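**Student:** Construct all of the structure, not just a fragment, from the sequences and the given hints.
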Amino acid sequence: MARHFDLEEQEQIAQFKHFWGTWGNLITWSVIVIMGALAAWNGYRYWQARQAQQAVAMLDAVQVAAQSNDLERVQQIFADLSKDYPRTVQAGVAGLLAGKEFANAGRWKESQASLRWVIDNSSEAGYSALARLRLAGVLIQEKSYDDALAQLSVSFPPEFAAIVADRKGDVLDLQGKKQDAIAEYRRAYDGLNEQLAYRQVVQAKLDALGAGVPAKEGA
1 MARHFDLEEQ EQIAQFKHFW GTWGNLITWS VIVIMGALAA WNGYRYWQAR QAQQAVAMLD
61 AVQVAAQSND LERVQQIFAD LSKDYPRTVQ AGVAGLLAGK EFANAGRWKE SQASLRWVID
121 NSSEAGYSAL ARLRLAGVLI QEKSYDDALA QLSVSFPPEF AAIVADRKGD VLDLQGKKQD
181 AIAEYRRAYD GLNEQLAYRQ VVQAKLDALG AGVPAKEGA
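Mapping of the sequence shown onto the numbering used here: residues 1 to 219, in sequence order.
There could be a bad hint or two in this list.
[Said to hold, decoys possible] In silico EDC-like cross-links for lysine to aspartate or glutamate, where the CA-CA straight-line distance does not exceed 20 Å:
1. Lys-109 <-> Asp-70
2. Lys-100 <-> Asp-80
3. Lys-109 <-> Asp-147
4. Lys-178 <-> Asp-147
5. Lys-100 <-> Asp-120
6. Lys-83 <-> Asp-60
7. Lys-83 <-> Glu-72
8. Lys-83 <-> Glu-124
9. Lys-177 <-> Glu-142
10. Lys-100 <-> Glu-72
11. Lys-205 <-> Asp-180
12. Lys-100 <-> Glu-110
13. Lys-83 <-> Asp-120
14. Lys-100 <-> Asp-70
15. Lys-100 <-> Asp-147
16. Lys-143 <-> Glu-110
17. Lys-109 <-> Asp-146
18. Lys-205 <-> Asp-170
19. Lys-83 <-> Glu-110
20. Lys-178 <-> Asp-207
21. Lys-143 <-> Asp-173
22. Lys-205 <-> Asp-190
23. Lys-143 <-> Asp-170
24. Lys-109 <-> Glu-72
25. Lys-143 <-> Asp-180
26. Lys-205 <-> Asp-173
[Claimed, not checked] Here are the in silico distance ranges between beta carbons for each label pair:
27. Asn-69 <-> Val-89: 17 to 27 Å
28. Arg-87 <-> Gly-212: 40 to 50 Å
29. Ala-183 <-> Gln-63: 37 to 47 Å
30. Pro-158 <-> Glu-194: 11 to 21 Å
Hint data in this document are derived by calculation from the structure and do not stem from the laboratory.
Just so you know, these numbers come straight off a predicted model, no measurement behind them.
No residue lacks a Cβ here, since even glycine has one placed at the ideal position from N, Cα and C.
**Tutor:** Below you can see the structure in the form of C-alpha cells.
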C-alpha cells in the first residue's frame with residue numbers, strides 16, 4: 001500500500017527536489033571528479049611502485065655487470081634505465097656507478113657522459129653534487145683544469161664545502177697557483193671534522209706547499 005506523506009514531509013520533499021534540480025548536476029560532477037582523482041592517485045601510486053621495482057632490478061644488473069668488469073653491459077643497462085626510468089633514484093645511482101667504473105678504466109668520455117646525465121637529470125641534490133665532484137676529477141685527469149674549476153664553482157650543498165675546497169686546491173696547484181691552492185686547502189682543512197683521517201691528507205698537501213697548518217690560538 002502506498003504511503004501518504006503529511007504536509008511537513010511533502011514540503012521537505014518539495015524543498016529537496018528544488019535543491020537537487022538546482023545543484024544536482026554540480027554535486028554529481030563533483031563526486032565524479034573526486035572519485036576520478038582518487039582513482040588517478042591510486043593508479044599513479046601503482047605506476048610509481050611498478051617503476052621503482054623495475055628500476056631496482058635494472059640497478060642490480062648494473063652492479064652485477066660492474067663487478068664482472070663488463071663495461072659494455074654497464075653502459076647498455078644504464079642507457080636503458082636512464083631512458084625508461086629517468087626520475088627514479090636508481091637511475092642516479094646507476095649513473096654515478098657507471099661514471100666511476102668508466103673512470104677507473106680510463107674511459108673518460110663515457111665517464112663524463114654518465115656523470116653529466118646525473119647532474120642534468122637527478123632530482124637528488126646530493127647525487128648531483130657527487131657527480132660534479134667526480135666529473136671534476138675526470139676533467140683533471142684530462143688536464144681540462146678550467147672546466148674542472150667551472151664544475152666546482154657552482155652552488156653545492158653545505159656538507160660538500162670542505163671536499164669541494166680540497167678539489168679546488170688540487171686544480172689550482174696543478175695550474176701553478178700556489179697561494180690560491182693553499183687558501184683552498186686551508187678552507188678544506190678547517191671544514192673537515194678533526195676525527196676524519198682525510199684531514200691529514202689535506203694537511204700533507206699544505207705541508208708539501210710549504211704552508212703547514214696554522215697553530216690554534218692559545219696552543
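**Student:** Each hint should be assessed against the structure and marked as holding or not.
**Tutor:** Going through the hints against the structure:
no.	hint	in the structure
1	Lys-109 <-> Asp-70	17 Å, holds
2	Lys-100 <-> Asp-80	18 Å, holds
3	Lys-109 <-> Asp-147	14 Å, holds
4	Lys-178 <-> Asp-147	19 Å, holds
5	Lys-100 <-> Asp-120	17 Å, holds
6	Lys-83 <-> Asp-60	17 Å, holds
7	Lys-83 <-> Glu-72	17 Å, holds
8	Lys-83 <-> Glu-124	17 Å, holds
9	Lys-177 <-> Glu-142	18 Å, holds
10	Lys-100 <-> Glu-72	14 Å, holds
11	Lys-205 <-> Asp-180	13 Å, holds
12	Lys-100 <-> Glu-110	10 Å, holds
13	Lys-83 <-> Asp-120	13 Å, holds
14	Lys-100 <-> Asp-70	13 Å, holds
15	Lys-100 <-> Asp-147	19 Å, holds
16	Lys-143 <-> Glu-110	17 Å, holds
17	Lys-109 <-> Asp-146	17 Å, holds
18	Lys-205 <-> Asp-170	9 Å, holds
19	Lys-83 <-> Glu-110	16 Å, holds
20	Lys-178 <-> Asp-207	12 Å, holds
21	Lys-143 <-> Asp-173	12 Å, holds
22	Lys-205 <-> Asp-190	14 Å, holds
23	Lys-143 <-> Asp-170	12 Å, holds
24	Lys-109 <-> Glu-72	14 Å, holds
25	Lys-143 <-> Asp-180	18 Å, holds
26	Lys-205 <-> Asp-173	10 Å, holds
27	Asn-69 <-> Val-89: 17 to 27 Å	25 Å, holds
28	Arg-87 <-> Gly-212: 40 to 50 Å	48 Å, holds
29	Ala-183 <-> Gln-63: 37 to 47 Å	39 Å, holds
30	Pro-158 <-> Glu-194: 11 to 21 Å	18 Å, holds
When the structure is compared with the earlier hints, no violation turns up for any of them.
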